[in-house]
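Peer 1: Residues per chain, in single letters:
2 protein chains.
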Amino acid sequence: MTTEADHLQVLLVDDDLDVLAANARFLRVNEISVVLAESVSTALQRLTENEIDVIVTDLRMPEANGLAFAEQARASRPLIPIVFFSGFAQVPDVVAAMKLGAVEFLEKPVDPDELLRVVRSVRRTHYGTLANQRQVFDGGGESFSLKMRVLAYEKYVIESSLLQHNGHVADVLNALQINRRTLNDKMSKLGIKRDTLIEQRAGSNNEQES
Amino acid sequence: MTTEADHLQVLLVDDDLDVLAANARFLRVNEISVVLAESVSTALQRLTENEIDVIVTDLRMPEANGLAFAEQARASRPLIPIVFFSGFAQVPDVVAAMKLGAVEFLEKPVDPDELLRVVRSVRRTHYGTLANQRQVFDGGGESFSLKMRVLAYEKYVIESSLLQHNGHVADVLNALQINRRTLNDKMSKLGIKRDTLIEQRAGSNNEQES
DNA sequence: GATATATCGGCAAATTCTTGCCTACCAACA
DNA sequence: TGTTGGTAGGCAAGAATTTGCCGATATATC
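First to last, the sequence lines map onto chains A and B.
The first sequence runs contiguously to residue 225 in this note's numbering.
The second sequence runs contiguously to residue 225 in this note's numbering.
Heads up, some of the hints might be wrong.
Pairs count within a copy or across copies, as identical chains cannot be separated in the list.
Claimed, not checked - Cut-off 25 angstroms, straight-line C-alpha distance, at most; resulting in silico cross-link-like pairs (SDA-like, lysine to any residue):
hint, residue 1, residue 2
1, 123, 36
2, 114, 186
3, 170, 32
4, 123, 198
5, 162, 181
6, 114, 188
7, 201, 67
8, 162, 122
9, 123, 108
10, 208, 103
11, 123, 211
12, 170, 129
13, 162, 30
14, 201, 75
By construction, these hints were calculated from the structure, which means they are not laboratory data.
If you're wondering where the values come from, they're calculated on a predicted model, not measured in any experiment.
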């Protein structure tokens, strides 16, 4: 289960093949695997074939626009993070995209470093080894009490934040705007062990960048 | 208190007094009560004095911009729906606003009918769709405090349960294993209005879509 | 009208959570 | 060895939440 825990797979959708190839190359150089799609229909197909973690899509495409694609994508992957990019974006487009739950909206031409930053931050925020807990508070759990679901969610947020900040507690304090003493208490109550979390992450991540 | 159950109160913030007055007049004609503020500090003041349901604010203002205002406003009203408007909005502004949990982002000059529609829809859909709230507690919100994210999640769970049980509070109590008094308090604090929630759901069944 | 059912709010006691202060531990390093 | 930076836990006061009890209101039903 943890064999490919940190292996991030991006679905990159763009009808402009040159841009598509360039962005893909850049991401791959930075150790992110990329699945390509040059149309909405292909993208939907790829989405079912691969274990996609993030969708990065152009907003304007000939066949159907990115918003429509995002809606269809969400049908099968309700919580998948989606990053849009577009040139000449109108405000209503951006608003619509964000309402659809877009994680970011980048302007074309996309700055590769920015793209990389966003994709990586998505990884840290949304995924991790946390998929299990997620199920408790996400959708399904009709049978759990409110308190339990809230606790599960709280745990998820804290663990995410810890991972995101490499176990650096001071940063978590700042990001979550919480008192240190309170965070310590919560972690202890929720059974979050900073060291274990980081070890795991380091272990599955024999390659490191920081 | 309950005499004005469906009575919607809007806090309208704009440093341009002419626009402010014009919009206020239009909203009032349409049976929406309006509280005015021409600066951020005034707005924060008004927010504490009145029972505001929605904030409609300009993004660009001399004293402090709308985003900063929104952040401060959320300190006292964590989940209050905020509508931004602005001329010359840049994509990053819009993205930032939406990430902050904005309900809508309108372009200046604001079409009065559009404004009315948005304000009313806020009432109708009661602080946005569930999917929208999801965005707050799900991935997007790196910038939200733990407390805020937990509240958003709690709200989402409660609203879901209410809808699922047709507004039958007793069933929700049972499903969520929570004390009635506690649920009532939470609903009031989170701005969940059972009646509105159910009305809207009933309305959307036979009525048009939007 | 009565009566039953379901919801909501005020109040206060009991409980839990939050936070500041102080101490302690550990690792890096001068 | 001593200092610095980052983290964790004990403790107690202060703040907030939870909950039981009471009554109020609204809508059906008899």
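Peer 1: Compare the structure with each hint and give your call.
Peer 2: Outcome of the hint check:
1. 123 x 36: within (15 angstroms within a copy, 38 angstroms between copies)
2. 114 x 186: Between copies only: 20 angstroms across, 28 angstroms inside.
3. 170 x 32: Answer is neither; intra-copy 36 angstroms and inter-copy 44 angstroms both fail.
4. 123 x 198: neither (40 angstroms within a copy, 43 angstroms between copies)
5. 162 x 181: This pair counts as between: shortest inter-copy Cα distance 21 angstroms, intra-copy 28 angstroms.
6. 114 x 188: Answer is between: at 20 angstroms across copies they meet the 25 angstroms cutoff, but 28 angstroms inside does not.
7. 201 x 67: within (18 angstroms within a copy, 33 angstroms between copies)
8. 162 x 122: neither (31 angstroms within a copy, 32 angstroms between copies)
9. 123 x 108: both (14 angstroms within a copy, 16 angstroms between copies)
10. 208 x 103: neither (36 angstroms within a copy, 40 angstroms between copies)
11. 123 x 211: For residue 123 and residue 211, the Cα distance exceeds 25 angstroms both inside one copy (30 angstroms) and across copies (41 angstroms).
12. 170 x 129: Close neither inside one copy (27 angstroms) nor across copies (33 angstroms); limit 25 angstroms.
13. 162 x 30: neither (31 angstroms within a copy, 41 angstroms between copies)
14. 201 x 75: neither (34 angstroms within a copy, 39 angstroms between copies)
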